[in-house]
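**Q** Next come the chains, spelled out residue by residue.
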Amino acid sequence: MAQEKMLSGCAAAAQGAKFAEVEVICSFPIRPYTAIMMELARMVANGELDAEFVHGEGEHAQVSVALGASAAGARAYTGSSGVGVTYAFEVYSPAAGGRYPLQMAIADRTLDPPGDFGSEHTDAMSARDQGWLMGWAATPQEVFDNTLINYRVGEDPRVMLPQFVCQDGYFLSHISDKVILPDLAQVREFLPPYKAPHPLSPLCPVSHGPQIRPDQGAPMDAQRAMTFLEVPKVIEEATDDFNRIFGRNYDPFLEKYKMDDAEIAFFIQGAHANTCKSAINHLRKQGLKVGMVRPRWMRPWPTIQIAQALSQVKAVGCVESSTSYGGATRGGNLIHEVRATLYDLENRPLVTSFMGGLGGDVVLLEDFYYMTKILSQMVKDKKTHQLVYWIGFEEE
Amino acid sequence: MAIKVPKDREVPFGAITPAPVRQQELFITSNWRIIRPVIDHEKCTRCLTCYIVCPEPCWSYNEKEDQMEWNWKFCKGCQICINECPADSLTAVPELDFEDGVVRLEKPF
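Protein sequence lines, in the order shown, are assigned to chains R and V. Last residue of the first sequence? That's 396 in this note's numbering, and every number before it is there in order. Last residue of the second sequence? That's 505 in this note's numbering, and every number before it is there in order.
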């Protein structure tokens, strides 16, 4: 029976893993994701979930254990936050290159130094070139849904890639909202069992991750690049199926809010998008034509869909909750890929970026109003005055 | 936009290969060999010292032919076997002298 519960993002992620009937879980504590493992430990202990629960000796061990389990043919689950994500970094490429569709839940957290529990996207963003699928949820329901969708896409024989299922630490991981939990039968219809093509097994011995010759390196990379050309189609199929079976209404790649007649748009990922939508509602009452595009996938970057969605507006403000020190714009990460996406358009919108939500900052309604003022001025002047604005630090 | 990898450079999915029983068929670790050990089967006493001292081993005894057999795919030309052969049946010959010599600039592998 489908039931409605008030769940935090962490609890929703744990429910997602439970409904996905994960077989091997590897834990190591770090807040804020840690609550996911607390929930899963409880479920395993009281028999609600039949899974092997392994305590890793660190985040590097977590991903290694999950990789080994996936290599042996088990559906594996792990997770981390902040410096835990970066501690496991070595294993990310082996997991993606070895084509192991394990899932890693990331409740993001500011990277050290010194020790900031607050949300920031930089931890997961820093791994975006490692070849995993990845995207941010905006609500606990979406965390639950993304857990299932990511296993479905990642384990598809055309894909076979691990997935980072990301959510804002604290804002999403620790604040409850309504989540509809489905019937297990619905999940089983959507998500078939994991079938590894060549699992490690004494019955049919194979070598995983052998040494290769240097001239085999580029073909390996090409194989992985070609897979990402296939992934968008698999995402579309999976999302359509998901919507049909569970009664949701997800656009496969983007959440578009009031974009039909928008002149300026926010490009924002994660939970602060919820505040953005409220801000847009208020701004619209004042007659300002503002809209929002929220990417649900960071990798693969939905290039065609973003270009299409933003092509109609005059100015785009990327809300950056991650840093790219020394990057092209000396600001965040989203602006680089948005500008690259829009570069070949006949009529390019102006694109700027706003550093907000760093360190665990709340992005306030007032912040969105400030950003709108800047974007409106850009439209009036037909010019980008600054590529990066630091919210709260600028002279007004 | 597909990426066309040349046929002779294709790799198995995820670099997953059959588990080797004797040797990994797809692998070569000899392309930097510059000295090749050449055996004189007349002088060879089949003492198997070359097999024992070879780090790989690249020498094996072929029972049917009653001869020592050399593995070109993995021999790196370290010359331990040449040094250790008690019958002086092994000679060091430059790899470039051979038509099928591996270390050539025109073909890296």
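Keep in mind the hints are simulated off the structure, nothing from the lab. Virtual Cβ for every residue (Gly too), placed ideally from N, Cα, C. Check each hint, because a few of them may be wrong.
Negatives, chain R to chain V, calculated, CB over 10 Å [claimed, not checked]:
1) Met-38
2) Ser-176
3) Gln-286
4) Arg-330
Just the calculated beta-carbon pair ranges, DEER-fashion [unchecked claim]:
5) V:Gln-419 with R:Ser-93: 25 to 33 Å
6) R:Lys-258 with V:Ala-415: 52 to 60 Å
7) V:Arg-418 with R:Gly-58: 52 to 60 Å
**Q** Hints first: check each against the structure and report whether it holds.
**A** Going through the hints against the structure:
1. Met-38: holds (34 Å)
2. Ser-176: holds (40 Å)
3. Gln-286: holds (44 Å)
4. Arg-330: holds (32 Å)
5. V:Gln-419 with R:Ser-93: 25 to 33 Å: Holds, since Gln-419 of chain V and Ser-93 of chain R (Cβ atoms, about 27 Å apart) stay within the stated range.
6. R:Lys-258 with V:Ala-415: 52 to 60 Å: holds (57 Å)
7. V:Arg-418 with R:Gly-58: 52 to 60 Å: With Cβ atoms ~38 Å apart, the hint is violated.
Violated hints amount to a single one, hint 7; each of the other numbered hints is respected by the structure.
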